[in-house]
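Asks: These are the residues of each chain, in order.
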Amino acid sequence: MTGQATPATGWKFADIIAIAAIGEKWEQVRRYFFLRESTYDMTNRCNIRCDGCYFFNGEKQFAPENLNETAWQGLMEAEKARGITFAVLAGAEPSLVPHLCRICADTIPLGAIATNGLKAIPQDIDYRIHISVWGNDSTSKAIRKADDMLVRQMANYRNDPRAVFVYTFTPHNIEEAGEVTRMLAEDGQQITFNMFSAPVGYNGPLRHTPQSLAATRAMMTELLADYPQTVLFSPYNIVAHTHELGLHALFSCSYPRVNPSTAIGLGRSFRQYRTDLQWDRDAACCVPDTDCADCRHYAAGSAVVTARMYRHAIDPDTFSAWLDYVDTYLAVWVRGYEKGPNLCHRLVVPPPDGQ
Amino acid sequence: MTNDIDQTIHRIAEIIINELKLEDVTPETFDADLDLVDEVGIDSMDLATIALVIRDEFGVRIDEDDYPKLTTIRIIGEYIAEKRNSVE
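The listed protein sequences derive, respectively, from chains A and B.
With our numbering, the residue at position 223 of the first sequence is 229, and numbering never jumps.
With our numbering, the residue at position 56 of the second sequence is 57, and numbering never jumps.
To be clear, the hints were calculated from the coordinates, so they are not data collected in a lab.
Among these hints, one or two may not hold up.
As the list claims (entries may be wrong) - Below, in silico cross-link-like pairs of lysine-lysine (DSSO-like), each with a Cα-Cα straight-line distance of 27 Å or less:
no., chain 1, residue 1, chain 2, residue 2
1, B, Lys-70, A, Lys-86
2, A, Lys-125, A, Lys-147
3, B, Lys-70, A, Lys-345
4, A, Lys-125, B, Lys-22
5, B, Lys-70, B, Lys-22
6, B, Lys-70, A, Lys-18
7, A, Lys-151, A, Lys-125
8, B, Lys-22, A, Lys-86
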């Protein structure tokens with residue numbers, strides 16, 4: 007019976023947010039509901055070449071570069087005019103085109119840049135900066151062919167409040183996360199976690215298995231407990247990103263690539279621009295060319311889990327877990343947003359639609 | 002029946018005004034046929050919030066797949082009436 011009033015738990019939404027700690031965090035995060043994101047590939051060049059790189063998969067890598075500043079200015083103004091309030095600058099390596107990044111930041115003041123961190127992005131570009139880490143320096147040398155990556159990344163972004171390191175778990179670097187997190191903690195940095203998600207057609211050794219997901223869950227849990235000031239994550243992030251089901255199966259992804267509706271939300275507003283400043287609705291999601299069934303990307307979860315607020319408002323624990331997730335997402339993506347303590351410390355089961 | 006729907010529409014207008022802190026509009030002046038996305042600027046998170054308040058007040062669950070259809074206050078009012086009738 008689809009018209010069921012209150013959820014089976016018997017909790018009304020008003021009663022859930024009447025709990026002081028929940029109500030406080032609810033009011034804090036809902037102030038950011040105005041965020042509307044789109045993503046932009048800035049250049050098709052990179053200063054390193056990593057095994058499994060998302061950019062150098064699929065068609066988008068072959069789009070010609072448009073380095074014309076007037077064209078970028080026009081694009082950003084048009085994006086702002088259609089309601090985009092958050093710009094994500096990615097692919098292949100935005101730090102190689104700081105003048106274009108600056109145009110974006112000057113036009114749309116909130117945003118984030120995904121970078122390998124080997125070339126410092128000028129301070130006046132006041133976006134959150136996500137620095138990718140794929141293991142310790144020995145592993146980085148093997149799969150990214152670059153020496154001393156973490157040391158160089160930390161040096162470039164020491165005492166820089168824009169920076170957050172993004173550690174991508176593969177089945178082969180799980181134990182190294184402890185060493186990397188410790189080094190970042192000692193350097194006063196922050197870290198959040200990502201999961202390797204296989205590109206379409208990829209069946210290589212980086213694809214997660216049930217065993218590697220379980221081991222990753224255990225490591226994330228340990229690091230969140232041991233480094234609460236360094237690790238931007240929550241128990242519900244751990245659940246959502248290490249579940250045997252991917253994000254699409256758990257939460258029904260709302261990016262245009264799998265969502266035909268253009269009426270509201272991401273299906274209406276999200277675009278993923280290639281370096282030629284064109285976009286394709288059929289390929290539009292935060293990391294195109296990912297196998298949707300295997301998608302556990304941190305960027306995808308930030309939008310997809312957040313969008314499913316309604317189904318989480320069934321009891322205080324489940325809604326607290328959702329709030330922790332959104333609190334984490336905002337802290338990772340929005341400059342100046344301070345994450346509070348997590349409210350829910352148990353591993354909540356993701357609720358299906360229809361509660 | 003018409004009166005019931007009018008009351009529902011009035012209450013939905015109050016909820017939207019309150020939740021979105023809209024100014025320069027009252028439940029009486031809120032055009033029930035205004036497109037909430039195109040003309041009011043509501044997005045999915047706003048609608049989810051409104052849907053939760055509606056669930057509390059009217060005892061009606063709004064399916065996630067139905068969000069795109071709920072483009073005006075009148076349509077939301079009719080949706081609520083239909084759902085309530087289906088359980089009576």
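Asks: The structure should be examined with respect to each hint, and the outcome stated for every one.
Replies: Going down the list of hints, with the structure as the test:
no.: 1; hint: Lys-70/B x Lys-86/A; in the structure: 26 Å, holds
no.: 2; hint: Lys-125/A x Lys-147/A; in the structure: 17 Å, holds
no.: 3; hint: Lys-70/B x Lys-345/A; in the structure: 35 Å, violated
no.: 4; hint: Lys-125/A x Lys-22/B; in the structure: 44 Å, violated
no.: 5; hint: Lys-70/B x Lys-22/B; in the structure: 23 Å, holds
no.: 6; hint: Lys-70/B x Lys-18/A; in the structure: 24 Å, holds
no.: 7; hint: Lys-151/A x Lys-125/A; in the structure: 16 Å, holds
no.: 8; hint: Lys-22/B x Lys-86/A; in the structure: 23 Å, holds
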